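Novice: Two chains, two frames, some hints: make the complex.
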Amino acid sequence: MNFFKKITAIGTALSLSLVLVACGSGDQPSPDGSGSDTPPAENVEINYFSFSANPDYETQLNDMVAAFEAENPGIKVKLELAPYDSYFTKLQTLLAGGTPPDVYEMNYENFVSYAAKDVLLDLSELVASDSIDLSKVNETAFKAYQYQGKQYGMTEAFSNVVTFYNKDLFDKAGIEYPTAEWTWKDEVEAAKKITDAANGVYGTYSPVTMNEFFKVLAQNGGSIYDADGKLTINAAKNVEALQYMVDLVLTDKVTPTPAEMSGQESGDLFLNGKLGMVHTGIWMFGSFKDAPFQWDIQVEAGNTNKATHFFANGLVVDKNTANAEAAYKFAKFMSVGAAAAQIRVDNSWELPISTDQTILDAYLSQTPPSNRQAVFDSLNYLVLPPVTDNWAKLSSDADAEFQKVLLGEETPQEALDILQAKYE
Amino acid sequence: MVGSKKFNFLWIAFFLGPGLVGFTIFVLIPIVTSLYISFTEWDLLNSPVFIGLGNYQTLIADPDFWMSLKNTVFFILGYLPSVMAIGLGIALLLNSKLKARTFFRGVYFLPVVTSWVAVSLVWSWLFNPVYGLINYFLSLVGVTGPNWLTDPKTAMIAIIITSVWKDIGFIMVLYLGGLQNISPSLYEAASIDGANELNKFWKITLPMLQPTTFFVVMISLINSFQVFDQVNVMTGGGPGNATNVLVQNIYQSAFNFFEMGYAAAMSWALFIIIFSVSILQMWGERRTKI
Chain A
21 MNFFKKITAI
31 GTALSLSLVL
41 VACGSGDQPS
51 PDGSGSDTPP
61 AENVEINYFS
71 FSANPDYETQ
81 LNDMVAAFEA
91 ENPGIKVKLE
101 LAPYDSYFTK
111 LQTLLAGGTP
121 PDVYEMNYEN
131 FVSYAAKDVL
141 LDLSELVASD
151 SIDLSKVNET
161 AFKAYQYQGK
171 QYGMTEAFSN
181 VVTFYNKDLF
191 DKAGIEYPTA
201 EWTWKDEVEA
211 AKKITDAANG
221 VYGTYSPVTM
231 NEFFKVLAQN
241 GGSIYDADGK
251 LTINAAKNVE
261 ALQYMVDLVL
271 TDKVTPTPAE
281 MSGQESGDLF
291 LNGKLGMVHT
301 GIWMFGSFKD
311 APFQWDIQVE
321 AGNTNKATHF
331 FANGLVVDKN
341 TANAEAAYKF
351 AKFMSVGAAA
361 AQIRVDNSWE
371 LPISTDQTIL
381 DAYLSQTPPS
391 NRQAVFDSLN
401 YLVLPPVTDN
411 WAKLSSDADA
421 EFQKVLLGEE
431 TPQEALDILQ
441 AKYE
Chain B
187 MVGSKKFNFL
197 WIAFFLGPGL
207 VGFTIFVLIP
217 IVTSLYISFT
227 EWDLLNSPVF
237 IGLGNYQTLI
247 ADPDFWMSLK
257 NTVFFILGYL
267 PSVMAIGLGI
277 ALLLNSKLKA
287 RTFFRGVYFL
297 PVVTSWVAVS
307 LVWSWLFNPV
317 YGLINYFLSL
327 VGVTGPNWLT
337 DPKTAMIAII
347 ITSVWKDIGF
357 IMVLYLGGLQ
367 NISPSLYEAA
377 SIDGANELNK
387 FWKITLPMLQ
397 PTTFFVVMIS
407 LINSFQVFDQ
417 VNVMTGGGPG
427 NATNVLVQNI
437 YQSAFNFFEM
447 GYAAAMSWAL
457 FIIIFSVSIL
467 QMWGERRTKI
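Just so you know, the sequences run in chain order A and B.
In case it helps, the numbering used here puts the first sequence at residues 21 to 444.
In case it helps, the numbering used here puts the second sequence at residues 187 to 476.
Treat the hints with care, as some may be off.
In silico DSS-like pairs for lysine-lysine, Cα to Cα no more than 25 Å straight-line [as the list claims (entries may be wrong)]:
hint	chain 1	residue 1	chain 2	residue 2
1	A	413	B	256
2	A	442	B	256
3	B	192	B	283
FYI, nobody ran anything at the bench for these hints, they're computed from the structure.
Since the structure is predicted, the reported quantities are computational estimates derived from the model, not experimental observations.
For reference, chain B alone in the conformation it holds in the complex (with noise of 0.2 Å):
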């Protein structure tokens, strides 16, 4: 019997039944069920009204909304190319032989590994206008530093400050990887034709990083679009909604407005975004390879 088509698929099955199971119910039916429940007017204490596309077309006029959309988006053009740059930097810099680079790897990832409700405590009192660390050093060198996180001005810069220092530590390790896949005889032949450092880093280092770089912004665009748990720590929203972005947005209309059937719907308005922003990365990253 052994390797027979029936006998494994009985071993697949008993493989897959816990992870599948599991899958189902905190994965699947939330998913279904959420797409239910958006069609619904719903405030968690009586039973849900079905309202059909009543939520997306509230959606659509909702200034609130576009708002939250503007400012996610503001934060993923700040967040997105300093996190690419200074993440990639940092793996050229850890990639060549420093002394103690696996200490500095260590010490560039620890972010990443740390609780983002933690970090984002950590920031709001390096950010404190008064007595915190960093408007200290800017006092150091004459400079009036900003009051942070209650300027509109500023917060979103801020959060942007915060979001890149604890996610770098991830890129710089994808990029690790993708320049020790470099092979290095094409550094080598290009020493040879006589190319600097520059030209190397142009013509050899950055195209054959192609790959993890799209990797890189498909991953970090994904979540960016996500930015929650710092904004809901440091500002809340705030000052006025200067960083009021979609999932604090949808947070607050399920659980402080108990919009539970408009909170659905904008869940699958920013899964839409992700979706189709994603779909069109990899058309365009396809396009190039022709």
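Extracted from the complex, chain A is given alone in its bound form (with noise of 0.2 Å):
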């Protein structure tokens, strides 16, 4: 059986899910956009499915749950969890099953591709007929989830990348604080002077990764596309940028190598005083709470220019959703709604898209990091993800040929010449 089992434990998946959507296709009504067949907001429950509260902040999000169903008697909301990893393939099944969630969480990298694969509610006409004050959130976190000018999606919270430094190495190795003028090159001089090999201790670290590459090429000037979305990976600024971020680990030995990490992560190896600076997101200040070091944060440098990560999760709704409107509801709730908003702040869970000073006060005034505005500066050189439709494929393999350039088999010219050739 062994042998029968394995061979189509794959096409078992794909054909119950098949045949599922041969189920669940003719049956639901597809309210277009104005949710007119949506019966009145009374007594109905919708199903709520997200990656972001788990595991650390599903009281969190019961607390927003309650919150929402406090202002909007007769509707229930029911609350599904998957963790990130396998959130995607969940989700992917029950859509593909025809039992899609009323109202689920996204990323930015796969909303592209759902919004362009057309499964999602245009929410275009309940926004503007509602009174969201637009001068009230920061319009580019709302904007994301915008598809060819329509709204997708409502953006409920976003996060960003910043350099975590520990405090007690720079004082120890003699040297000053990075500040927001740093470059590459101030980076990297701070990074050998704090670099201990023998006590394994790296002055700085960021995967060298897809993920961290399009946006260290930017901060060289540099683009995976260009203006005519046509692929430009292998051009000269990139190939720089992948230089750099090569050197630190092969040449400068200033950042550990994928065998030196032997499998730890890179939050581990700062909490236990190894790394003098970290490129992380915000989502870390929970974790970094604790250290027995000082330390703060800084808007992370450039090269001749800034540009830092950006990652936003929002709210869709399914196209063929029997409770649009309630559905709505609580994706605008859980964007714009101040008590979502203060529950995420109080909780330091990411940002809430309000500008709202007296929500942004509570979170500025919490300690550590000393510099949380460096968390706002950063926004103003945020890059996205050039998301287009073959975007994880095309990281899957580049993330694989940068390890081979790592392990000295291929320079970063290759590697980007071949991803060129492959993809162009």
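Specialist: Next up, the structure:
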């Protein structure tokens, strides 16, 4: 049986969902944006599928749902959570099976391909007829969930990447703390002084992956696609950027190699006082809170430009849901609702898109880090991943090539040439 | 009525029914459907689009497919001889009059019934270059151990070692069964003729184990073409693409890139490969018998 079991494991998954598609398609009403088929908002139950609350913020999400249900009697929200790693596989299967959640969470990278595949409800009219004061929200974040000029999602929260630095290690090396004006050169020099290979202490860390690369090349004025959407991944400026990332590991030796990391997370290395600087997201504030040393954050160093990561999660509504209005109400509450924003801020669970100063003051006044302003300053330089249809595949291939570069099997130029040739 | 043909048929249908229903729903329909899917382009979200042999044309020209096939063959070349030699060795050892041999048989069989994921996680730690036991033992004898799973030269070897360790118990049990079927009279006769232990092994044990060996090769070959769990947990196909085997490639295409049609086409290509190899093997077996 083993033989049959294994060879058909994938086939089973595939065809079961196919059967379910057949069962699930014909019998659902499809409101076209206006939600005209929606029954009066009384005693409806909507399903919400989320990844960002798993595993650390389940209580907070429950609090938000409770606040929403108190504001909207008659609407019940049924929660379902999955860890990020398996979330999109489950979601895709739910959609294929014809039993999608009414409203579900998206990250920006996947949002674009879902919108392109036409499975999301266009919320433009609902948003327009609603009185959402766009001056009170971060506009870039809000507009991240637009696709071809239409609003397909409500941004609930965003986060970005900053340079975290260990003040004690900087003091020990006798060097100044990073400033917002730092460039790559400053970072490398400081990192060299901090690095103490004998004790396993390294100056700086950022992963050599596609997710990091698209930002670093933007810091160098490069881009993966040109203005016409043509792939230019092996352009000179991009090669320079990859060379810089690789040199940190191989030439300057201020960043541990994958072997030296030996399966540890960069966050743990930082917490153990083994990293002078680490480029990571503001979602680490919670984990680093009780670090046994002084630390702070700064806007990431750039080269010719400044560029920082920007991650936006949002809520989207299923195109065929029978409860479009209730689903939209919940998405809106999670996005611009004051109660949801307050819960986020109080728990440092990413940043709400609200620009309400009373809410943000509460965020800024929490320490560590004392320089929380850097989080907002970084927003001036944000770059979005250049998401295209085959972004997942390109990223995965790029990561494999970058690993070969780190192993000395390829030069950065060769790796990028290979990717250019393959995806041109 | 008892014993009539009709009565028998009803009883047969009654006993066969439940199994047949399960087989149809969970094996037969999926197999047929996956064949259909392999002729389509399907991302799970939109309806499948029929593209004829498109996926198979892509497959033949896809360097990644051939790369993963090459990695799979490399795995088999390392895995198959080692697991068979060690499995047979242990079977011979535990077939002799050893103290507590039942205990040892149990010990060697233990990994076989352990979950692949658990085994893979434990071995990832054993192979850890800094904290792992394996490099610690190597350091005791003055050898600097490699970066096992993060070095493309050793990653597949690490996977092979793990797989061999897990599967020798299974091979051992099969060979033990084979060994116990060899009549002691053959060995007695050989002793009288003055044959030494080595002669007995080459001239009696090995030839008499031929049917077992055939079965072992067949089963192991089929299973090792489908190597996946340990790769997915230990390396995810990396570093670079050094351990990207066929099923890992299929899994990625289906559940990371959502190219269901292409993944189904690769599954069928894998089926054809395994099927051909098995046919070849059976044909070879029959020929040597004549």
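Novice: Keeping to a limit of 25 Å between CA atoms, is the pair of residue 192 of chain B and residue 283 of chain B held or broken?
Specialist: 55 Å, violated
Novice: Take a quick look at whether residue 442 of chain A and residue 256 of chain B sit within 25 Å of each other, Cα to Cα.
Specialist: 20 Å, holds
Novice: Does the alpha-carbon distance linking residue 413 of chain A and residue 256 of chain B stay inside the 25 Å limit?
Specialist: Answer holds: residue 413 of chain A to residue 256 of chain B is near 21 Å, not above 25 Å.
Of the numbered hints stated above, the single one contradicted by the structure is hint 3.
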